[in-house]
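**Student:** Sequence lines, in order, name chains G and Y. Counting in the numbering used here, the first sequence runs from 1 upward without gaps. Counting in the numbering used here, the second sequence runs from 1 upward without gaps.
It should be emphasised that the hints constitute simulated quantities derived from the structure, not laboratory data. Computed from a prediction, not measured in an experiment: that's the story for all the values here.
Among chain Y residues calculated to face chain G with C-beta under 8 angstroms, some are:
id, residue
1, Asp-28
2, Phe-32
3, Leu-47
4, Ile-74
Backbone N, C-alpha and C define an ideal beta-carbon position, used for all residues, glycine too.
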Amino acid sequence: MATTRAIAWRHDFDPALRDAKAQRKLVLLDFSAAPM
Amino acid sequence: MYPDPRVVDFIDDHFVPVRFHVKDQHDDFKRFGAHYGAQWTPTVLILDEEGNEHYRIEGSLPADDFMSQLMLGIARAAFDRQDYRAAEELYRRVVESFPNSEAAPEALYWAGVSKYRATNDPSALSATADAFAQRYQSSSWAKKASVWRARPASA
Chain G
1 MATTRAIAWR HDFDPALRDA KAQRKLVLLD FSAAPM
Chain Y
1 MYPDPRVVDF IDDHFVPVRF HVKDQHDDFK RFGAHYGAQW TPTVLILDEE GNEHYRIEGS
61 LPADDFMSQL MLGIARAAFD RQDYRAAEEL YRRVVESFPN SEAAPEALYW AGVSKYRATN
121 DPSALSATAD AFAQRYQSSS WAKKASVWRA RPASA
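All chains should be built: construct the whole structure from the sequences, respecting the hints.
**Tutor:** What follows is the structure, encoded as structure tokens:
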């Protein structure tokens, strides 16, 4: 059965910044009203 | 734009993704929305590890356009940290990967600026103006680059 991959959204801003620094990535911050 | 597997892979490769939903993370949506001046949804920001904003996308886009905008944002972050060689490479990748996107002429312009900043060679700007004579002539970026066109020496 096929599976749908999805973005692993996080909701913890400060830890995400720390992880971005550790992983040498940027942070993508999405303000959304899309149906969940 | 997000269900597209190419977008999922691109975000996974380049970003730590954080979402504040207007209902599900209401307090953070309000708090961070006020901090960053997010007045509409979707608003997508590209931030560095200090939380500094480098790029903003407001409104929904088809997958290719969204990815081209994300690439512009990654390039802008490199430009802002004065890594001009990386910025030029990233901007040129936007033009190569999404030549028909609205991001492409903007990327072509900033690739030229990045090369100039990296080398201090003004020919990087005149070459960019020449490139705009071949493509994206009707874009506002072509108009902006037109001042860089080399003028023939007067007799």
